[in-house]
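Undergrad: Spelled out from the first residue to the last, the chains are:
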Amino acid sequence: MSNLILHSPILIIAIPLLVAFLIPLVGRASEKARDTLVIAALVFVEFLVILLARDVFVNGIHVYTLGAVNATLAVPEQFIVPVRIILEVDSMSIFMGLITATISLAAVIYSIAFMKKETGRNNFYTLLMLLVVGMFGMEFTGDMFNLFVFLEVASIAGASLAAFRIRFTDSAEGGLKYVVLSTIAGLIVLFAIGLLYAQYNALNMAAIANVIQYTALDKIALILLIGAFVLKLGGVPLHMWTPDTYAVAPAGITAMLVAASQASMYALFRTCFTIYGGALNMMTVGWIIIILGILSMFIGVTMALPQTDVKRLMAYHAISQSGYMLLGVGVGLAVLGNPEALNTYGITAMIGGIFHIMNHALYKGLLFLTAGAMFYVTGTRDLNKMGGLAHKMKFTTVFFIIGALSIAGIPPFNGFASKILIYESVYQFSPILSIIAMVVSILTLASFAKAYNSAFMGPELPQYKNVREVPKAMIAGMAVLATVIVFFSLCPGLIIDWLVEPAANALVNQGSYINAIMGAVVP
Amino acid sequence: MSKIVRTVANFLILFIFTYGLYVIMHGHVTPGGGFQGGAVFASGIALLIVAFGAKSVHRKLKEHQLSVLESSGALLFIALAFAGITTVFFYNALVGSSFFGNIPPVGANPGDIWTGGLIPLMNVAVGMKVIAGLGSILLVMSLITSGATEVEE
Amino acid sequence: MIEGMTTYVPYLAVALLVGIAFYIIMVQKNLIKLVMGISVLASAANLFLITLGYRAEGVAPIYTNAPIDTFVLPVPQALTLTSIVIAVATLALMLSMVIRVYRHTGSIDSEQSRIMKG
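Residue numbers (the working numbering), protein chains in the order written: chain A, -2 to 520; chain B, 5 to 157; chain C, 17 to 134.
Read the hints as simulated data drawn from the structure, not as lab findings. Note that beta-carbon positions come from the ideal geometry of N, C-alpha and C, so glycine has one too. Don't take every hint at face value.
[Claimed, not checked] Using 25 angstroms as the maximum straight-line C-alpha spacing, the simulated SDA-like pairs for lysine to any residue come out as follows: (1) LYS49/C with LEU33/C; (2) LYS66/B with ASN120/A; (3) LYS66/B with SER150/B; (4) LYS64/B with SER6/B; (5) LYS49/C with LEU142/B; (6) LYS45/C with VAL56/C; (7) LYS66/B with ARG118/A; (8) LYS133/C with PHE295/A; (9) LYS382/A with VAL56/C.
[Stated by the list, open to error] Short, incomplete list of chain A residues facing chain B, as computed with Cβ under 7 angstroms: (10) LEU1; (11) LEU22; (12) GLY64; (13) ALA338; (14) ASN340; (15) TYR461.
[What the hints assert, rightly or not] Listed next, the stretches of chain C that the computed footprint assigns to chain A, with coverage defined by at least 3 CB atoms under 8 angstroms from CB atoms of chain A: (16) 76 to 82; (17) 106 to 113.
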């Protein structure tokens, strides 16, 4: 068992990759075997992620060197820099890993029933496994170029899945926008990696963080990296692809694209906090991230109010909620150099922002899955044409209510827990930001009340007289996410102590990240 | 295409395929490797499609054969990669036994084909995958743009 | 000044290619030309990586029978190869999506083939 925990970072990445390429061969033989294989692989990966989370919480940062004699041999004898690709799993990485594993499992269970009418489902599951590989790779790696490779893997797999249902007219357009913008973002990241490599002759994140000075070329690399990762996570002013792509993708895939955007947000935080950590002017970069967060929150929710397409509405809310996370962690970054402000409200702001990442992935995933259920039953995404669905679809209605109350920040749901942390700490930093955040929250509630009323309330429409509840696999997928949301709502303090606070401390504590790899070096 | 093009293509295709396989196999001693050799091989397939037309190439080479080749190449690569979890990185698995040749001396010397350890096998796996992948991209795109209906599984 | 400037010519070429690529991406309405603009941007990134590895008076990094012992850096060459492979896959995907858009809307002009607005 301890061997399993030792090798678990690479097994979490390698097992979905192996299953991805077994699927065309197994899927030729039997469809049930393929479905069972996919679900079994993701359950095993979730089990490994939970084991690794416990190990990281107890024993500290878990370093894994690919292909060495001994898995922790990052810097061999007579070397002074790390060699080989190194996976470094600290509390923030495993926090994102837990999000990815849960969302992927729920999305796959949901998609088994949702995609029954499509052809070419072997390709669908292969691409889905590759998307899972890309997300886990981005979250666990300790190497800049490895981050670029997994970013591109996730982008290509995500774009192909978004455009999967080619019988609809607009799918290819959404997929094209996603792949074009993701490729441009990937190439900008490649330029930045080239700049950093040219100066410091190292690709490993800890090795760069050890020797970085804040020269003009490093500033350019930082701007390029921030720009590219903000494009990938759907932050204003580079958010144009988000509504189109999230609307046309199949519902389970939209939930996973949300998780992929959070993985890009993790890469942004890893760059700002760990690689550039002590060297940069934190107030300036912090304020840049805060301004991007405020813009995303406000523009996201105001563009969501007049939407009639339910998935487009939820996509604009995804942009708006990303603004909350950027605001919380940006406040933490801005006060990073000021120890007393950091201890008073900086860490609380970061805890709020990071907790909001997990909450957002859960309730936004649940909302997209319910939107997919509405599409499955009525055949349309237009809210004007739907009505009275609550009479027949009881489970979907309950799940939609849970998701809508969470996103609006109504107590006692988990959205309220993370939002109150953000409001309190940001108020101490600058009161006007907190007031904008509260106004955005009220507008979020308004737009979801509109969506709920128009889709579920009202008399039963004649064209939907024969609808029944959606198949059991779809309800099971939604129930997984809803159960986790209810669990988080009942004991948020437990989650904050065990998962979120170690993650926030791991981001702030650049020294331990560097020492885990370079610690054995004798200078 | 005219008779001249078809005859020359018939003649040249053997050299292109051989050169592609040569670049794949010798990836660890000369410049080249899995992707480069696979791309050369796929350009041979492109020559066939241009000279003979997509429909006649499709009669001999179907997408599901290329799909099986692609999956087996990827599975071979991942199976070899799992060996890295349990085996030391520089352990040369092919050289050292008398079957494959002796361990080469340290320092500058012309490389032998069996001195790469697991790298030549991984090159072969990547080469299979790239041949199948680029070949099916070329085949399906030329089928779509030549007006034939595409085949769904 | 003239002797030192020759090492900077590839960087000027990279800057020129990036400028051309961003101009194409921002201005072009034809979707195929947009994809070609992305291909130019990828070529610029690859050229940048290869040029970073150059060391003055270096030979190719092949250890066997090397004439002198100053090599150019081999790591950027590996990075460039990976980037070329990723660019090939991405361009194939983009072109097949453009074919799909053409099939559905009958035009590859990005103004006329837009369905989703607002």
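Undergrad: Give a verdict on every hint.
TA: Okay, the hints, checked on the actual structure:
| no. | hint | in the structure |
| --- | --- | --- |
| 1 | LYS49/C with LEU33/C | 15 angstroms, holds |
| 2 | LYS66/B with ASN120/A | 17 angstroms, holds |
| 3 | LYS66/B with SER150/B | 16 angstroms, holds |
| 4 | LYS64/B with SER6/B | 20 angstroms, holds |
| 5 | LYS49/C with LEU142/B | 20 angstroms, holds |
| 6 | LYS45/C with VAL56/C | 16 angstroms, holds |
| 7 | LYS66/B with ARG118/A | 19 angstroms, holds |
| 8 | LYS133/C with PHE295/A | 20 angstroms, holds |
| 9 | LYS382/A with VAL56/C | 45 angstroms, violated |
| 10 | LEU1 | 11 angstroms, violated |
| 11 | LEU22 | 5 angstroms, holds |
| 12 | GLY64 | 4 angstroms, holds |
| 13 | ALA338 | 45 angstroms, violated |
| 14 | ASN340 | 42 angstroms, violated |
| 15 | TYR461 | 31 angstroms, violated |
| 16 | 76 to 82 | violated (count 0) |
| 17 | 106 to 113 | holds (count 4) |
The structure does not agree with the numbered hints 9, 10, 13, 14, 15, 16 stated previously, though it agrees with the rest.
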